[in-house]
Amino acid sequence: MPVPESRGLVSRSLLREEAYRAIRDAIVDGTLAPGERLQDVALVAWLGVSRTPVREALARLEQAGLVRTTPGRHTLVSPLDVRAARDAQSVTAALHELVVRQAVPHLSTAELDA
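As numbered in the UniProt record's numbering, residues 1 to 114 make up the sequence shown, in order.
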């Protein structure tokens, strides 16, 4: 499994949260590709933490649908769901439209020209 460049030591106070964010961000930005097998040992080395925060992070990522775990076998980055991506894009576009409709009436001419 190719892992990102070393991140250095993770803050000891929130190891589980930091591990979750780091792995999540690597999945979201494509560093860890859909279908890629995640190895605890490689993630532990990359994050500089013990296996417990990594396992807790992977369990949380599974709940979020970002990884799929087969107990005793492997953990994979979940494949892309085109339908879910389209649905999310539609919701995002609708929210952006709503924000613009509500914000524009409150902007000054100078702000609109900027």
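Quick caveat, the hints were computed from the structure, so don't treat them as lab data. Using N, Cα and C, we set each Cβ at its ideal position, and we do this for glycine too. There may be inaccurate statements among the hints.
To be verified - Simulated restraints on C-beta separations: (1) GLU111 - VAL3: 19 to 25 Å; (2) LEU112 - ASP81: 34 to 40 Å; (3) ARG37 - THR109: 34 to 40 Å; (4) ALA42 - LEU98: 41 to 47 Å; (5) GLY30 - ASP87: 29 to 35 Å; (6) THR70 - GLU97: 40 to 46 Å.
Verification of the supplied hints:
1. GLU111 - VAL3: 19 to 25 Å: 45 Å, violated
2. LEU112 - ASP81: 34 to 40 Å: Holds, at about 39 Å.
3. ARG37 - THR109: 34 to 40 Å: Taking Cβ atoms as reference, ARG37 and THR109 lie about 56 Å apart, which means the hint is violated.
4. ALA42 - LEU98: 41 to 47 Å: At 42 Å between Cβs, range holds.
5. GLY30 - ASP87: 29 to 35 Å: 20 Å, violated
6. THR70 - GLU97: 40 to 46 Å: 41 Å, holds
Violated hints, in rising order: 1, 3 and 5; the structure is consistent with all others.
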